[in-house]
Amino acid sequence: MWQFWVDRGGTFTDIVGRAPEGTLHSHKLLSENPEQYKDAAVQGIRELLKLASGDPIPKHMISAVKMGTTVATNALLERKGERTLLLITQGLGDLLRIGYQNRPKLFDLNIKLPEQLYERAVEVPERVTAQGEVITPLDENAVRNSLRDAYASGFRSVAVALMHSYRFHNHELKIGEIARQEGFAQISLSHQTSPLIKLVGRGDTTVVDAYLSPILRRYVQQVSDALGDGLQSCGALMFMQSNGGLTDAGLFQGKDAILSGPAGGVVGMVKSAQAAGFDKLIGFDMGGTSTDVCHFAGDYERSFETEVAGVRMRAPMMSIHTVAAGGGSILSFANGRMQVGPHSAGANPGPACYRRGGPLTVTDCNVLLGKLQPDQFPHVFGPNADQPLDPKVVRDLFEKLSKQIAAETGKAQKSAEDLAEGFLRIAIENMANAIKKISVQRGYDVTQYTLNCFGGAGGQHACQVADVLGIKSIFIHPYAGVLSAFGMGLADIRSMREHQFAEDISQTAQAEEIFTKLEATTRQEVLDQGIMPDQITLSRIAHIRTAGSQQTLEVAFGSEQRMRSDFDAAHLKRFGFIPKYQHLIIDLLSSEAIGATGEAASDSVESSPKAAADKVTELYENGAGRTVALIDRASLQKGQKLTGPAVIFEDTGTNVIDRGWQAETVDGGNLILKRIEPIKRAEAIGTSVDPVMLEVFNNLFMSTAEQMGATLANTAYSVNIKERLDFSCAIFGPEGDLVANAPHVPVHLGSMSESVRRILQQNEGKIRPGDVFMMNNPFNGGTHLPDVTVITPVFDDCETDIIFLVASRGHHADIGGKTPGSAPPDSQHIEEEGVLIDNFLLVSKGVFQESETRDLLASARYPCRNIDQNMADLGAQIAANATGAEGLRKTVDHFGLDVVHAYMGHVQDNAEESVRRVLDVLKDCSFRYPLDSGAEIAVKIEVEKSARKAVIDFTGTSPQDRQNYNAPRSICRAVVLYVFRTLVGADIPMNEGCLKPLDIRIPDGSMINPRYPAAVISGNTEVSQAIADTLYGALGVIAGSQGTMNNFVYGNERYQNYETIGGGTGAGPDFCGASAVHSHMTNTRMTDPEVLESRFPVRVDEFSIRHGSGGQGAYSGGDGITRKLAFLEPMTVTVLSSHRVTEPTGSMGGGAGKCGENMIARQDGALEKLQGNDAAQMSEGDVFIMHTPGGGGYFAKI
75 MWQFWVDRGG
85 TFTDIVGRAP
95 EGTLHSHKLL
105 SENPEQYKDA
115 AVQGIRELLK
125 LASGDPIPKH
135 MISAVKMGTT
145 VATNALLERK
155 GERTLLLITQ
165 GLGDLLRIGY
175 QNRPKLFDLN
185 IKLPEQLYER
195 AVEVPERVTA
205 QGEVITPLDE
215 NAVRNSLRDA
225 YASGFRSVAV
235 ALMHSYRFHN
245 HELKIGEIAR
255 QEGFAQISLS
265 HQTSPLIKLV
275 GRGDTTVVDA
285 YLSPILRRYV
295 QQVSDALGDG
305 LQSCGALMFM
315 QSNGGLTDAG
325 LFQGKDAILS
335 GPAGGVVGMV
345 KSAQAAGFDK
355 LIGFDMGGTS
365 TDVCHFAGDY
375 ERSFETEVAG
385 VRMRAPMMSI
395 HTVAAGGGSI
405 LSFANGRMQV
415 GPHSAGANPG
425 PACYRRGGPL
435 TVTDCNVLLG
445 KLQPDQFPHV
455 FGPNADQPLD
465 PKVVRDLFEK
475 LSKQIAAETG
485 KAQKSAEDLA
495 EGFLRIAIEN
505 MANAIKKISV
515 QRGYDVTQYT
525 LNCFGGAGGQ
535 HACQVADVLG
545 IKSIFIHPYA
555 GVLSAFGMGL
565 ADIRSMREHQ
575 FAEDISQTAQ
585 AEEIFTKLEA
595 TTRQEVLDQG
605 IMPDQITLSR
615 IAHIRTAGSQ
625 QTLEVAFGSE
635 QRMRSDFDAA
645 HLKRFGFIPK
655 YQHLIIDLLS
665 SEAIGATGEA
675 ASDSVESSPK
685 AAADKVTELY
695 ENGAGRTVAL
705 IDRASLQKGQ
715 KLTGPAVIFE
725 DTGTNVIDRG
735 WQAETVDGGN
745 LILKRIEPIK
755 RAEAIGTSVD
765 PVMLEVFNNL
775 FMSTAEQMGA
785 TLANTAYSVN
795 IKERLDFSCA
805 IFGPEGDLVA
815 NAPHVPVHLG
825 SMSESVRRIL
835 QQNEGKIRPG
845 DVFMMNNPFN
855 GGTHLPDVTV
865 ITPVFDDCET
875 DIIFLVASRG
885 HHADIGGKTP
895 GSAPPDSQHI
905 EEEGVLIDNF
915 LLVSKGVFQE
925 SETRDLLASA
935 RYPCRNIDQN
945 MADLGAQIAA
955 NATGAEGLRK
965 TVDHFGLDVV
975 HAYMGHVQDN
985 AEESVRRVLD
995 VLKDCSFRYP
1005 LDSGAEIAVK
1015 IEVEKSARKA
1025 VIDFTGTSPQ
1035 DRQNYNAPRS
1045 ICRAVVLYVF
1055 RTLVGADIPM
1065 NEGCLKPLDI
1075 RIPDGSMINP
1085 RYPAAVISGN
1095 TEVSQAIADT
1105 LYGALGVIAG
1115 SQGTMNNFVY
1125 GNERYQNYET
1135 IGGGTGAGPD
1145 FCGASAVHSH
1155 MTNTRMTDPE
1165 VLESRFPVRV
1175 DEFSIRHGSG
1185 GQGAYSGGDG
1195 ITRKLAFLEP
1205 MTVTVLSSHR
1215 VTEPTGSMGG
1225 GAGKCGENMI
1235 ARQDGALEKL
1245 QGNDAAQMSE
1255 GDVFIMHTPG
1265 GGGYFAKI
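Okay, so the sequence shown: first residue is 75 according to the working numbering, each after it adds one.
Because the hints were derived from the structure by calculation, they are not lab data. Built from N, CA and C at the ideal position, the CB exists for glycine as well. Please note that the accuracy of each hint is not assured.
Label-pair distances were calculated between CB atoms; the ranges are [unchecked claim]:
id: 1; residue 1: Ala93; residue 2: Glu577; range: 47 to 55 Å
id: 2; residue 1: Leu1202; residue 2: Ile652; range: 33 to 41 Å
id: 3; residue 1: Glu1010; residue 2: Lys248; range: 51 to 59 Å
id: 4; residue 1: Gly1255; residue 2: Gly206; range: 55 to 63 Å
id: 5; residue 1: Asn244; residue 2: Asp1238; range: 31 to 39 Å
id: 6; residue 1: Gly1255; residue 2: Ile1074; range: 47 to 55 Å
id: 7; residue 1: Gly206; residue 2: Arg430; range: 27 to 35 Å
id: 8; residue 1: Asp373; residue 2: Ala621; range: 23 to 31 Å
id: 9; residue 1: Glu809; residue 2: Ile750; range: 26 to 34 Å
id: 10; residue 1: Ile876; residue 2: Arg638; range: 36 to 44 Å
List of simulated lysine-lysine pairs, DSS-like, C-alpha gap at most 30 Å [stated by the list, open to error]:
id: 11; residue 1: Lys485; residue 2: Lys124
id: 12; residue 1: Lys754; residue 2: Lys354
id: 13; residue 1: Lys1243; residue 2: Lys1198
id: 14; residue 1: Lys546; residue 2: Lys354
id: 15; residue 1: Lys154; residue 2: Lys133
id: 16; residue 1: Lys511; residue 2: Lys354
id: 17; residue 1: Lys124; residue 2: Lys248
id: 18; residue 1: Lys919; residue 2: Lys964
id: 19; residue 1: Lys591; residue 2: Lys892
id: 20; residue 1: Lys546; residue 2: Lys654
id: 21; residue 1: Lys964; residue 2: Lys754
id: 22; residue 1: Lys689; residue 2: Lys748
id: 23; residue 1: Lys1019; residue 2: Lys647
id: 24; residue 1: Lys186; residue 2: Lys511
id: 25; residue 1: Lys1019; residue 2: Lys997
id: 26; residue 1: Lys964; residue 2: Lys748
id: 27; residue 1: Lys591; residue 2: Lys248
id: 28; residue 1: Lys964; residue 2: Lys354
id: 29; residue 1: Lys179; residue 2: Lys919
id: 30; residue 1: Lys715; residue 2: Lys354
id: 31; residue 1: Lys112; residue 2: Lys546
id: 32; residue 1: Lys1070; residue 2: Lys1019
id: 33; residue 1: Lys1014; residue 2: Lys654
id: 34; residue 1: Lys892; residue 2: Lys186
id: 35; residue 1: Lys179; residue 2: Lys1271
id: 36; residue 1: Lys1023; residue 2: Lys964
id: 37; residue 1: Lys1014; residue 2: Lys1271
id: 38; residue 1: Lys647; residue 2: Lys712
id: 39; residue 1: Lys1070; residue 2: Lys179
id: 40; residue 1: Lys712; residue 2: Lys591
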């Protein structure tokens, strides 16, 4: 009987059919072609069976259909799932909407948060502590009434997510029982969908399951009905799960369907290459919509935290990194830059060559350059779905775009081919950068790997991607064009279960008992799907972390000594060092049962070569056209070698063999590509600006900064850096000018260049290779004392000249000061806020100055409270800088120092021109912004149209504050940079060029340019927000946002924690403000409530949207947040906050947002109101309450 292996992708549906005699047949259809068929998978099966329209599938024709589908993914993306009710612990009804408070796009004033999947949220009266104590029993009557009301309103799907239910299930189980009694068809309980800590991720995962599972059931039924009697013998209809294993259609759940298709690609990639003897692999799956990349070095890699379509998934999923650079990625020219993606033409209308009026895309580049042959591509286009690709419209559109670029840049017009090559290069670099994230960033030497290239568009780009990465070997399977579908057939049946263990590594006996229980479940689930006992293998994985950290590493479960050794080895490989630790924690236990299906990658792939006439085609490469061989892959003999350039076509794709590469056909019909000529790394591109290389260097510099950030987040110790992501990384030119930064915390970014320049000035002529400096001095470019900047000069090969600098700034949990967390509300002198560090040599000629650093951190009047933690975070910052330095050196090796320096200037020039375009339409304006203290920030903006410059004059701002409401000059500069970057309205890099047209005048001795020894702890957070709203008030583009970071610091000698709490943002002339989100100068994360309660003696009683706090208007301001935190042991609380007296301003007649409030509900019932800046002692049972401000409205309400 037949088997069919199906991958229903975003653009194409690929099918591999194995005939009864064992031969394989492949087929490809458009996933969406409603004029021709209802479902692509079923249609493809019918066509391979050669059935006429309307004919039923004969009985006993099909033994199994194994499918990966995007049905669930599409429903998620389009928000077309089942109407879903969410039941969640009382006080946390808005938790999944608020999430971690961060906004998705740093520079968007119109903040667009993901639409929630649940339609209604009901808070359940119940509460269980992190230790399992029931402090509020479940109110079953309230639950039943809520469910009945929802059922009467048409809900049939319910998600239940309660605090700490990953460990303590009783309340969820009881709710599930009641829901069944009330008739709900889909009941998803969070401890069953994701038995892992973190209520936000587990809750989202549970909602996804409830939202998508009914959709999947209907699709499964649709496929079953369409297959009809044909699926009656063995009758297996199986679906690929996101974890890489097949499961019976009846067990397929929404939470496991998100990466159904891509997971099949990983399996196909691994099993096909392993059969050919390759075991260190980079998967490169380029399809029509996007490109998926993955890493394999002996074991499948899975992620237990993944964000898809704005939803945080807390379930095992194949670790796949996706970049928006598929064949359908749209080409554009804007703001002086050629750009590829992120938007895609999709399947409809598709690329320009698809004959549906679509835009130019990456696929069109390949058509024009001869890399994609219309005659060899399926003739499925046009009104009757029988025409080839259209190369004429492609050429016409490229020529039109080339004229536009020449007109806008003043450069000579490029030929259509040169322009297409340029766009293709940008796409190649984007894809290579994606591979770096899953390999180089994680400590793997990618040059020792084989690139397994697949997907419909992969073979057209494999050699170029490999060259960028230094990979010298490429593997292309005979079914590479449909390898995800092929992988469905090779996949094993898998069942996985997890348990949140969170115990010391010594507790192996307890872990053994849990594994025994987990394995009983997973093994039985595989047995029930027809797998024989001797075909089942069991895997035990321990996810281990150091105490106090959240970053886990996976090791095989075994003896304590073995796991310690494996953890050290894994940490050394991933991060380059072995951490110092007192305790190791087994955070998570993962059990997997794997049922072998008996399918082998080599089965039925061998075929006899067919005779084929020699053909040639025109291929355009490296700026010139040439005639090259056009080879039918089916004609290649085993052992035959083909030296590039050449084009090899086949039924499921096209493979381009570049110059310097050689292809050889080996066993199984596989193609092995080897680089036979050393690549010329020194690239002569010249130092004058080129639109193509401008985008390439933009992305290279940004990628380097992002790699720095990944190193820092992974290796840091403190929650502030690792989880709240309160850090920033950037690279600088030799003069200290900001070149590129990863999009982290805005208040850090514009101010770091002043720190870098001060280090260069103070150490002129004395800096040596291997030196690393540290500083936090607010009067020399710092922000406030907890923000410690580590600066590493990078020297040339001769070790004589500084060619770049890299820097990382991280918020240390404590840097000393009068109160834990280094945020005293009443500080009047900088020394009261902690240890002041100025121009300190942290590493001297490569040697870490540990004892000197410890002495410094212990030396102040109020020294650091946890020096070991400071030292760990400093080590992470040094490592992050080393990552950046290595990345820049590689860039120099490739392009040459003069070119890199030139493009460091060009990217700044590009940003400068973008800001000048903003100035072209700005008018003179001014604004005065009142603070709660009675002080004011004043600004006057005067635009010089002829010079395309502006003066930003803060004259009239109040003198420096006697308390701590003072922002150093560097912060004011950072805010101006941020504000004007948001005005650009396009995705340009934020660098020094943005400030070149701006003359910033800040009065000395004012509260935004104070003199030593002014206290500044509120300047970084509160005054920076006030400066932003002052500028926006003058510009009139947005009403006042909450204007504060609502700093909430609490601790004692054992614990310290720091939170910044979001609020409402201002409305604009055509949009409402966003609620319960961070705005402007911060974007740090909030710690998950379950993690918080597990690590600190506190309880989150409420975290909700403060409805009605946003200003009224035609466009209303966003609402603030209410946060209530109960203290379970005595602590000191410090709050630094604004808009407790003055209201966030409305604009153009819009209403003001409501002020914030801080108070304490004492255990005895007394309510104690606090000031905006205040401190208090909390006793056991006291509850701190904060209501954060709303944003202002825009235009009067009609």
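Each hint tested on the structure:
no., hint, in the structure
1, Ala93 to Glu577: 47 to 55 Å, "holds (53 Å)"
2, Leu1202 to Ile652: 33 to 41 Å, "holds (35 Å)"
3, Glu1010 to Lys248: 51 to 59 Å, "holds (57 Å)"
4, Gly1255 to Gly206: 55 to 63 Å, "violated (19 Å)"
5, Asn244 to Asp1238: 31 to 39 Å, "holds (32 Å)"
6, Gly1255 to Ile1074: 47 to 55 Å, "holds (50 Å)"
7, Gly206 to Arg430: 27 to 35 Å, "violated (59 Å)"
8, Asp373 to Ala621: 23 to 31 Å, "holds (26 Å)"
9, Glu809 to Ile750: 26 to 34 Å, "violated (43 Å)"
10, Ile876 to Arg638: 36 to 44 Å, "holds (41 Å)"
11, Lys485 to Lys124, "violated (56 Å)"
12, Lys754 to Lys354, "holds (25 Å)"
13, Lys1243 to Lys1198, "holds (14 Å)"
14, Lys546 to Lys354, "holds (13 Å)"
15, Lys154 to Lys133, "violated (35 Å)"
16, Lys511 to Lys354, "holds (16 Å)"
17, Lys124 to Lys248, "violated (52 Å)"
18, Lys919 to Lys964, "holds (21 Å)"
19, Lys591 to Lys892, "violated (51 Å)"
20, Lys546 to Lys654, "violated (37 Å)"
21, Lys964 to Lys754, "holds (13 Å)"
22, Lys689 to Lys748, "holds (23 Å)"
23, Lys1019 to Lys647, "violated (56 Å)"
24, Lys186 to Lys511, "holds (26 Å)"
25, Lys1019 to Lys997, "holds (9 Å)"
26, Lys964 to Lys748, "holds (22 Å)"
27, Lys591 to Lys248, "holds (22 Å)"
28, Lys964 to Lys354, "holds (23 Å)"
29, Lys179 to Lys919, "violated (39 Å)"
30, Lys715 to Lys354, "holds (24 Å)"
31, Lys112 to Lys546, "violated (44 Å)"
32, Lys1070 to Lys1019, "holds (15 Å)"
33, Lys1014 to Lys654, "violated (53 Å)"
34, Lys892 to Lys186, "violated (40 Å)"
35, Lys179 to Lys1271, "holds (28 Å)"
36, Lys1023 to Lys964, "violated (37 Å)"
37, Lys1014 to Lys1271, "holds (29 Å)"
38, Lys647 to Lys712, "violated (39 Å)"
39, Lys1070 to Lys179, "holds (24 Å)"
40, Lys712 to Lys591, "violated (50 Å)"
In the structure shown, a violation is registered for the earlier hints numbered 4, 7, 9, 11, 15, 17, 19, 20, 23, 29, 31, 33, 34, 36, 38 and 40, in ascending order.
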